[in-house]
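Asker: Residues per chain are reported as follows:
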Amino acid sequence: MSQAVSLREAYGKTLVELGRENPDVVVLDADLSWSTMTHFFAKEFPGRFFDCGIAEQNMVGIAAGLAASGKIPFASTFAVFVPGRSFDQIRMSVAYSQFNVKLVVTHAGISVGEDGASHQSVEDLALIGSLPGFTVIVPADAIETAQAVKVAAASYGPFYIRLCRPKLPLVYDEDYRFKLGKAVTMRRGKDATIIAIGIMVSAAIEAADSLGRQGIDCRVLNMPTLKPIDEAAIVKAATETGAIVTAEDHLQHGGLGSEVAQVVTRHHPVPMEFIAIKDTYAKSGKATELLQRYGLTAKDIEKTVHSVVKRKRL
Amino acid sequence: MALSEMGDSLSEASAEKVSAGASLSPAARAKPLSVKEMAVVAKRLRRHIITMTGKAGSGHPGGSLSAVEIVTALYFKVLRHRPQDPCWSDRDRFILSKGHAAPVLYATLAECGYFPISELATLRQLDSHLQGHTDRVTCPGVEMSAGALGQGLSFAIGVALAGRLNSQDYRAYVLLGDGECDEGQIWEAAMAAAHFKLDNLVAIVDNNGQQIDGWNRDVMNLEPFSAKWQAFGWRVIEVDGHDFTQLITAFDQAKQVKGEPSVIIAHTIKGKGVSFMENNPDFHGKAPNAEEVEIALKELE
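Those protein sequence lines, which keep their order, are chains A and B.
Heads up: the first sequence begins at 1 in the working numbering, then just goes up one per residue.
Heads up: the second sequence begins at 1001 in the working numbering, then just goes up one per residue.
These are computed hints drawn from the structure, not numbers from a lab.
A portion of the hints provided could be inaccurate.
Below, computed lysine-lysine pairings styled on DSS-like, alpha-carbon distance capped at 30 Å [to be verified]:
#, chain 1, residue 1, chain 2, residue 2
1, A, 167, A, 312
2, A, 299, A, 182
3, B, 1258, B, 1031
4, B, 1043, B, 1055
5, B, 1055, A, 43
6, A, 43, B, 1258
Based on the sequences and whatever the hints tell you, model everything.
Answerer: Rendered as structure tokens:
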């Protein structure tokens, strides 16, 4: 796997590109522009950048008003604050109103690390995923981030793009083209399928490679569009491989695992296991330490695939 | 009386003057009215509010009645708008933040010709575009879906910022409830509007002094209210919210203000125009029953 690259930086630089292409692209932030990397846009387009201060509810409302008037607003802060702090504003002013607002949030999941549980958004996918009409994207690397942000800008409707704090290894080449609503097969396989998002995709690939050496031929799907989810790819995985493990840096409730399980139980029930945070808050610590503590590593995925395959054979 | 008949029940002379009949062109309906004519419209709006909430069996008459003159002055005098073209890019925007006052907005939009007056009778019914609280997706002329309080001022800031970015000279008017100003988001937005120097933004507070649980001063004291807005960097104009001349003067004054947003604190009476609803918080979120409708309509003849 290649070197680690910042998803946030990819986002910030893509915003600048979009800003040059389209004068209607505007950006909002809530006093975190150097963390979300919207500062790149702010520097080049100061008149189209609105720092709303530490007031996320207001920021979401302003974004809705801009969208109502023909602008394409990208609003950014940490995932704990959007949607965490501003859920009702997103529900009323964006989702129910069907406005063309793009929420691109950073520092999602426990991989935030040292800031601790207050800053580790582990509920956001459940919250946003529950809102009718939202498109939800969790990119797996910097290349996919840039692609997804461009697709969001070009598509009408509310979008939520979830980025993590750490740099991630590139899992794609530069010529990769993100397709909205489509899973991406990262590894072919017939014995089991790992479906992963975000930071867990590279771990899933690592696990599959290791399992391959142990004689388990494991498929890996990246599911960058969590909503609307690629039902066909999930059904195909269930049918062809007979066992599924999902992997996400999010609570087990209401995230990728829940979505996949709904598709699997309806269309082709097979044994499933869930790599996710189990109904708890995490702690301060290094991202790698936390991922280990809460069972979100390639080794954990590997172990879980072994157990799901056993259930399959029973 | 069916709602569709309401227009016919007014005297011919006033119906002509009010120009709310379907026979007139939409442009004529949106023509600025005199204070006298607006008073006639206001009475019609009050009758609509009573009749439609009475028929629906639920809704919010109190805070709709208190805002009648404010909304009438805006739609029949102040706003630049085209009922036949609700999405006209250069229109002035009216944003109803206190979404429970939907009946006064629906009645006004119907009187302006955004949709037929007869549709008011469908309020809160399944598949009606007149949802219990405003839904901008289904109802022509509604700028924002509202109902969860505190959100309209932020939205209006976005609208005003976009106008500035686009070099459009439209203005954003947003109607807040005084009780709504309990919400923290209002003050986030108040700070931001002043920070962004939005002189194309005018907030109007329907200051009827009451919220569901009673008088504001008992539930959650807002005073010193005017001083709060001033401290947040707004030009404050206080008026009698049932006096058209004062309201229109205030809107004119707000247009002259440069470099800061304006707020018109309109002192009103909740339930205004119906004796048993006036200053009665019971009618915040309760519709009149058949008997009450009858009495109210008699008072509004």
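Asker: Hint check: residue 167(A) vs residue 312(A), CA-CA at most 30 Å. Holds or violated?
Answerer: violated (36 Å)
Asker: Can you confirm whether the C-alpha distance between residue 43(A) and residue 1258(B) stays at or below 30 Å?
Answerer: Holds, at about 27 Å.
Asker: Taking only the CA atoms, is the gap from residue 1043(B) to residue 1055(B) under or equal to 30 Å?
Answerer: Holds, at about 18 Å.
Asker: Run the distance test for residue 1258(B) versus residue 1031(B): straight-line Cα separation, threshold 30 Å.
Answerer: OK: residue 1258(B) and residue 1031(B) at ~27 Å, within 30 Å.
Asker: Do the alpha carbons of residue 299(A) and residue 182(A) lie within 30 Å of each other, as the hint requires?
Answerer: holds (27 Å)
Asker: Has the given pair, residue 1055(B) with residue 43(A), been kept, meaning a C-alpha gap of at most 30 Å?
Answerer: Violated, because 56 Å separates the two Cα atoms, which is more than 30 Å.
Going down the numbered hints, you'll see the structure goes against 1 and 5, while the others check out.
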